[in-house]
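Colleague: Below are the chains, spelled out letter by letter.
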Amino acid sequence: AALRGGLRFQASAALREGRVAPTELCQRCLALIKSTRFLNAYITVAEQTALKQAEESEKRYRRGQPLGVLDGIPIAVKDNFNTAGIETTCASNMLKGYISPYNATVVQKLLDQGAVLLGKTNLDEFAMGSGSTDGVFGPVRNPWSYSRQYKEKSIPKSCSEDEESDWVITGGSSGGSAAAVSSFTCFAALGSDTGGSTRNPAAHCGVVGLKPTYGLISRHGLIPLVNSMDVPGILTRSVDDAAVVLGLLAGHDPKDSTTIQDNFKPFELPNLTDVSKLSIGIPKEYRAPGLSSEILALWSKAADLFKNAGAKVIEVSLPHTCYSIVCYHVLCTAEVASNMARFDGLEYGHRSDMNKSTESMYAATRREGFNDVVRGRILSGNYFLLKQNYENYFIKAQKVRRLIANDFAKVFKSGVDILLTPTTLSDAVPYMEFIKEDNRTRSAQDDILTQAANMAGLPAINVPTALSERGLPVGLQFIGRSFQEKQLLTVAKWFEKQVKFPMIQLEEVKRHDHNVFQHQKSASFS
Amino acid sequence: QNVTVEVLDHLEHLALVDFRDAEGVERLQKAIQFADQLHEVNTDGVEPMDSVLEDRCLYLREDDVTEGNCTGELLKNAREKVEEYFVAPPGNIPLPKLEERDTFLQGS
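So the protein sequences, as listed, match chains A and B. Counting in this note's numbering, the first sequence runs from 7 upward without gaps. Counting in this note's numbering, the second sequence runs from 2 upward without gaps.
With the rest of the complex left out, here is chain A (with noise of 0.2 Å):
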């Protein structure tokens, strides 16, 4: 039970009380982790330290000194976040066999408080995508491919073999964050968000995804994607759990100065129980193409749901909405530009056997490094930086980004407070016609939704509704304003409250797919 249930109440408290251990809380994970591996959630389990960090941990309890709710939590961590001595490869060939020597800031604050670190979970390459199909260790498979619940609304196939292709994907890129959660292998997970990393994953493998307002929590020692919009991203199992993992990690951060200096202060969230002083705004806007008439149904049903409970619920307009992917495409390949600049094999990560020249050297080794759709956002960034492009894309887009920014500024300033739109256009697709498109189109249908509050730097949540036909889940997203992560979290968890999303019940699965494990590895340093 206390592997099943939330950090806070149930895994929690049984460490307190002495129900359970840390290490034997910390090896049911990595057990579940050896027996799920064909989800390929994770690249890396580091299952010595982990092991250690749990001994260190239970010391504590029995001196009944534990250093808070997470000391001996097992988390996971995505592998763009720096993490010392274990390797951090973004699911790129440019950093295999990368060992960092530092923590990322949020990894540290989350050491610091006892929490038992599991492994580096699987990603997009650099986080490009929306599916995490694109990394070089392989796709993540969506957990609830294998539950009851989809099995059970899916056609019933001649042969068994031909389950294999059925399975659907997680989402992106945080997908083997949302997955080892979804999955019980972890109780809560670090993601990162630029265009809806976490929440995206989060609405399809049935967790609550935390996107935090831009400049509250730390990004030092998280890979950089754009800097400008990346934010880490929370997943967990609860908006409960959310809203400790947040008061663990958020508040200034001398090493980034893009984090503010106001003083955060850690929330517990209210239950609320009375709505009616709450405005929630529906964007017209986000009806979007393509959004699957399931989910229109659920998301008007949330709005009935906070009408009769007494809510103000009005539409509002957010009118430059079809342009945010317009923007975030040049913004964003612009920064890649800039940013995959260091990847030259210098001094870290892949280095061509090229030796030429330092260009040529330079060049074999991103070509050799990087895959397409990595190659494909510096070349489109470099085109876009170009100075006779530079005002015509680069500028416009910084123009356009403010348009959208504003209309948002607007909205909440009528006296909107939560804004309430769906966080995907339909259920996870199955992976066979996922690829079908590129990682462009896709991404840029995929993060319609969601992109927005990046470009805004605004805080949203996916928190997990209900089924889908297909059996798959199904996520709702508010949009809060700046900072107001404590309203934000404490409508979400009303919210989260009235709907019961039901359990992911995970079916056995008897498999021997040694392809898939290949990538697997388990990582033990001295």
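If you're looking for bench data, these hints aren't it; they were derived computationally from the structure. Don't take every hint at face value.
[To be verified] Dumping the calculated SDA-like pairs for lysine to any residue here, alpha-carbon to alpha-carbon at most 25 Å:
| id | chain 1 | residue 1 | chain 2 | residue 2 |
| --- | --- | --- | --- | --- |
| 1 | A | 393 | B | 51 |
| 2 | A | 419 | A | 309 |
| 3 | A | 405 | A | 391 |
| 4 | B | 77 | A | 405 |
[Said to hold, decoys possible] The following residues of chain A were derived to be distant from chain B, with all beta-carbon distances above 10 Å:
| id | residue |
| --- | --- |
| 5 | 54 |
| 6 | 119 |
| 7 | 283 |
[Unchecked claim] Ranges of calculated distance between the beta carbons of each label pair, as one might list FRET restraints:
| id | chain 1 | residue 1 | chain 2 | residue 2 | range |
| --- | --- | --- | --- | --- | --- |
| 8 | B | 55 | A | 107 | 31 to 37 Å |
| 9 | B | 4 | A | 313 | 49 to 55 Å |
| 10 | B | 71 | A | 41 | 37 to 43 Å |
| 11 | B | 55 | A | 62 | 42 to 48 Å |
| 12 | B | 89 | A | 511 | 53 to 59 Å |
| 13 | A | 359 | B | 4 | 44 to 50 Å |
| 14 | A | 361 | B | 63 | 39 to 45 Å |
| 15 | A | 441 | B | 5 | 30 to 36 Å |
| 16 | A | 321 | B | 89 | 56 to 62 Å |
| 17 | A | 54 | B | 66 | 52 to 58 Å |
| 18 | A | 41 | B | 93 | 53 to 59 Å |
| 19 | B | 66 | A | 154 | 57 to 63 Å |
| 20 | A | 269 | B | 71 | 52 to 58 Å |
| 21 | B | 68 | A | 348 | 16 to 22 Å |
Beta carbons: idealized from backbone N, C-alpha and C, even for Gly.
Take the given structure of chain A and dock chain B to it, following the hints.
Modeller: Below, chain B alone, put in the same frame as chain A:
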């Protein structure tokens, strides 16, 4: 309007990344086409936005050395090194011109 070979070549030099094949070039063409939608938006009188935190002051810390002395650690990750130096192949040698380079663009 297709992107000229000169610009493609220039991009390969700037990015030190190659287009690799026709698909790579096509990818760029599509990206530009996609981005052109931006021009539908009227941005007269709108200032470009660098950061959502533009109304705040960026944090600056005291100019004191608080950490460092980790040369050994940092050198661990480099493949080619000598004593405390990263070793690079000879510099100041530009990439060969398009005609002499092994690039897909050569055929264009």
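Colleague: Just to be sure I understand the hint, the distance between the Cβ atoms of residue 269 (chain A) and residue 71 (chain B) should be within 52 to 58 Å; is that true here?
Modeller: 31 Å Cβ-Cβ, so the 52 to 58 Å window is violated.
Colleague: Are the Cα positions of residue 77 (chain B) and residue 405 (chain A) separated by 25 Å at most?
Modeller: Violated. Residue 77 (chain B) to residue 405 (chain A) sits at ~43 Å, over the 25 Å cutoff.
Colleague: So does residue 68 (chain B) sit 16 to 22 Å from residue 348 (chain A), Cβ to Cβ?
Modeller: Hint holds: Cβ distance 20 Å, inside 16 to 22 Å.
Colleague: Regarding the pair residue 419 (chain A) and residue 309 (chain A), is the alpha-carbon distance no greater than 25 Å?
Modeller: Cα-Cα ~21 Å, so holds.
Colleague: That 56 to 62 Å hint for residue 321 (chain A) and residue 89 (chain B) (C-beta), does it hold up?
Modeller: Given range 56 to 62 Å: holds, Cβ gap about 59 Å.
Colleague: The output says residue 283 (chain A) does not contact chain B. Does that hold with a beta carbon cutoff of 10 Å?
Modeller: 27 Å, holds
Colleague: Does the claim that residue 54 (chain A) lies off the interface hold, with its Cβ farther than 10 Å from every Cβ of chain B?
Modeller: 19 Å, holds
Colleague: Within 37 to 43 Å: is that where the Cβ-Cβ distance between residue 71 (chain B) and residue 41 (chain A) falls?
Modeller: 40 Å, holds
Colleague: For the pair we were handed, residue 405 (chain A) and residue 391 (chain A), check the Cα-Cα distance against 25 Å.
Modeller: Answer holds: residue 405 (chain A) to residue 391 (chain A) is near 15 Å, not above 25 Å.
Colleague: Need the status of pair residue 393 (chain A), residue 51 (chain B): alpha-carbon distance at most 25 Å?
Modeller: Between residue 393 (chain A) and residue 51 (chain B) the Cα gap is close to 18 Å, so the pair holds against 25 Å.
Colleague: Within 42 to 48 Å or not, the Cβ separation of residue 55 (chain B) and residue 62 (chain A)?
Modeller: 43 Å, holds
Colleague: Check the following: the C-beta atoms of residue 54 (chain A) and residue 66 (chain B) are separated by a distance inside 52 to 58 Å.
Modeller: 34 Å, violated
Checked against the numbered hints above, the structure breaks hints 4, 13, 17 and 20 and satisfies the rest.
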